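Enquirer: Each chain, written out:
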Amino acid sequence: MGKYTRGQSHVHPTWRWVSERGLRVATGDATLAYYAALVSQNFAEIDDIILADESLLLVLQRGAAVSADLRAVLMAPLLGTQAAIGKLHEIVVEYGGAAGPDLPLMADLAGMSLAAYINSHTAADYAVAFLGFQPGFPYLRGLPRALHAQRRASPRLRVAAGSVAIGGGYTGIYPACGPGGWQIIGRTRSVLFDPQRDAPALLMPGDRVRFVSL
Amino acid sequence: MIEVLHAGLCDLVMDPGRPGWAALGVPAGGAADPAALAAANRLVGNDAAAAGLEIVLRGPGLRFPVGGVVALAGARFAATRSSGAALAWNETLVLAAGETLRLEEAEVGCRCWLAVRGGLAVPPVMGSRSTFLPAGFGGYLGRALQAGDVLASGPQAEGIHLLRARMPLGERDTPLRVVAGPQADLFDDAGLAAFFAGTYRVGAASDRRGLRLAGPLVTHARTALPSQGVLPGAVQIPPDGQPIILGWDGPVTGGYPVIAGVIAADMPRVAQLRPGDPVRFVTIELEMARALAAARWDIEDIA
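Chains A and B, in that order, are what the protein sequence lines are. When we follow the numbering used here, the leftmost residue of the first sequence carries the number 68, and every step to the right adds one. When we follow the numbering used here, the leftmost residue of the second sequence carries the number 4, and every step to the right adds one.
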């Protein structure tokens, strides 16, 4: 099966089965646009949709076939279609110290002073690519190249809720306390996930984020 | 009403789960064998989607101050009831006021489901009463039952019918059926041979998030990928070469190559695997897997 070619939005996505209920759609940089198109049409055979890195995983109801309408959406080029621009959130972060134990190492790797590193992290515009790992955990795209960093060789057993972290080319925020392998640079008091709220996840795919230093 | 006299290893309130929230990073979760819970529910006159208890390896002691109608399905546990009456699996059981039900160790398998007439009346969270332990919500206060907990049941249907369920005749002592995984091509011949010829053992660190297997090393060309959506049953191979079968409460995205996916029809068997059990895999065609219907529990009157 071919690959979606970045920058050629006239190319329709390709898909393949993942186990017998999953349909992985290679969506390239149109992931959010395809997600929005699928959600708006509310296909009866789709139980769930998982967003990920340049792909969607459609979870079909057990035994369901792909309807002609769904096939049509998957075949259609989303020419010039943009996902609606999401909400802009300002996330206040306490950088460094006990809240961000990996900040000195990260600044070192980036060849920056702590202040310059924080500046760089707060100056960027981020977009929520997808949520995963934990409920409400945002994978934020837009991290400046110089700030990209490998995950820790061995994960921490306990990362505090609200920890702002670096994992590869992403920055993210841990909604809940738990184990985690990303590099922790700070902490926010924002509540990223609350299952009792009408909108349980604070940040949704497509939303934009600016970090503000406390 | 049910009083928890003592807790089992991990008693969780479960219903069919909460599909539809994966975009928020929330897996569907729910009973590890939804057909077994549905059968138990039907035996007590409940809607098949009512909440019951999922009990694993060692069960709780429960007291029913005003009596109740219950049913057990799934793995058989050593169990007693204070009245001394017979305690059958897959049958409607009528408990007298003040009666206690004690489930000890599982005799075979790993999990059973207890349905209670009226269903367990915990508040639904994001559309489901299932406990999601990794994030601590749903079910009874987002956690496993503890001694002293009191569970309420919902409104009950009229009349009691004594029913018996017949478990579907499933595969036994055969390898788990899988379809090739999306990254099967990232493994070399030695890795694939090790995986499909080898016998693995279920590790002690297994839970509803994933079953950790120990056995022949599965070598691969690449160990990390962009994050991809994953489903329960996906067999991930982390860098240490030891497979993990993702469970019902596993993450919705993963970055390890997936060598194979356990078919939905065999996930109830995965639910019954206990630490130390042997696991082997066999590939079947995708179209064959898609054609397999959900196993059916037949319900009949007790004559």
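What the hints contain is simulated information worked out from the structure, not anything from laboratory work. Note that this is a predicted model, so its numbers are computed, not measured. Beta carbons: idealized from backbone N, C-alpha and C, even for Gly. Hints may contain errors.
[To be verified] In silico lysine to any residue, SDA-like type, Cα no more than 25 angstroms apart, as pairs: (1) A:K154 with A:S280; (2) A:K154 with B:M129; (3) A:K154 with A:A266; (4) A:K154 with B:G23; (5) A:K154 with A:R264; (6) A:K154 with A:R218.
[Stated by the list, open to error] Which stretches of chain B does chain A cover? Using the computed rule of at least three CB atoms under 8 angstroms from a CB of chain A, they are: (7) 82–88; (8) 116–125; (9) 133–145.
Enquirer: Hint by hint, note whether the structure agrees.
Expert: Hint by hint, here is what the structure shows:
no.	hint	in the structure
1	A:K154 with A:S280	20 angstroms, holds
2	A:K154 with B:M129	22 angstroms, holds
3	A:K154 with A:A266	13 angstroms, holds
4	A:K154 with B:G23	21 angstroms, holds
5	A:K154 with A:R264	17 angstroms, holds
6	A:K154 with A:R218	29 angstroms, violated
7	82–88	violated (count 0)
8	116–125	violated (count 0)
9	133–145	holds (count 6)
The structure fails to meet hints 6, 7 and 8 from the earlier list, while all remaining hints are met.
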